[in-house]
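With the sequences and hints as input, model every part of the structure.
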Amino acid sequence: MTATGDEKHYADSPDQGQDPDRKNVPEKRKGPVLLRRDQVGTSTTDQRLLDTTGPTDWLHTDPWRVWRITSEFVEGFGALAELPPAISVFGSARTPVDSPEYAAGVAIGRALVDAGYAVITGGGPGAMEAANRGASEAGGLSVGLGIELPFEQGLNEFVDLGLNFRYFFVRKTMFVKYAQGFVVLPGGLGTLDELFEALTLVQTKKVTRFPVILFGSAYWGGLVDWLRNTLVAQGKASPKDLELFHVTDEIDDVLKIIDESRQPAAEI
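Here full-length UniProt numbering is used: the sequence shown runs in plain steps of one and ends on residue 268.
Hints were generated in silico from the structure; no laboratory data involved.
Hints are supplied without guarantee of correctness; some may be wrong.
Straight line, CA to CA, 30 Å or less: simulated DSSO-like cross-link-like pairs of lysine-lysine [stated by the list, open to error]:
(1) K172 <-> K256
(2) K205 <-> K177
(3) K236 <-> K206
(4) K256 <-> K205
In this text, all values refer to a predicted model and were calculated from it rather than measured experimentally.
Here you go:
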C-alpha cells in the first residue's frame, strides 16, 4: 500500500518478501519522516493546524524552532542589507556613564561616523550605549542588535535602527556579516565571547581582512600577556595568532587600522 501525505497505512505483507513479524505494523509518513508502531499519532498536521482548541506544545518543538530561527535570519538580513560600511563596537553593559571608558565609547562612535561608518553595538547600556550615543550625536547611523535575556535590558535610547533577537548565534552572524571590523572596549563575558568568536573566524579564514581592535591597553594587557606567555608558549596557538588583533589607546590608530584593512593588499 502506498502512502500519500500524512496517510496512515500498514507495512507490506509477508507474501511480498517482508518478515512475517512486520505484517500489519502501523506506519505513517510525514513528508520525509517515517513513523512506525508507537510513533504513529492519531491526528494529522492539518487537523492540528485548524484545531484552535488543541494543545500548543508544537510551538516549542525543534522543527518549529527552525522556522523561528529562519525568520530571525530573514528579518536581520532584510533590515541590515543596505547598511553603509559599518563597524561593530563591543563593551560592557556595566560601564558607568561617568567613567573614562564611557567617554571613550562616545568618542569612538563619533569618530567612526565622521570617517564614514555606521556603528553597530549590542544595543544595551554601558559601553554599547556610549558608542551608539557618539554615532547618533554625530549624525550617523546608530544600530543596536539586542538579545532576549532573563534580565530585561532593552535597546538604549540612542539606537536609530534596532533589532531584538532570541538566538545568540543569529545575532552574532549579523555582527560579523554587516561589519568591516570590531572595536572591543573593556567588557565582561559577553564581550570576550564576541572577541574570541571574531578571532576564531579570522584565524580559520572564515572572514578575511577583518580587523579586531582592543581599545584600552591597561585593561587588555593581562589577557594579551596570558595569550603570549601561556597559550602560545605551551603550543596551544601559533605566535602568528597574536597578529590577529591590535591593541591601542588612540582613536586615530583605530581609524588607521580599519582604513588599512580595507585597502587592496598591494597598497598596504
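Outcome of the hint check:
1. K172 <-> K256: With a Cα-Cα distance of about 25 Å, the restraint between K172 and K256 holds, given a limit of 30 Å.
2. K205 <-> K177: Cα-Cα ~14 Å, so holds.
3. K236 <-> K206: Within the cut-off at roughly 20 Å; holds.
4. K256 <-> K205: Distance of about 22 Å is within 30 Å: holds.
Checked against the numbered hints listed earlier, the structure breaks none of them; every hint is satisfied.
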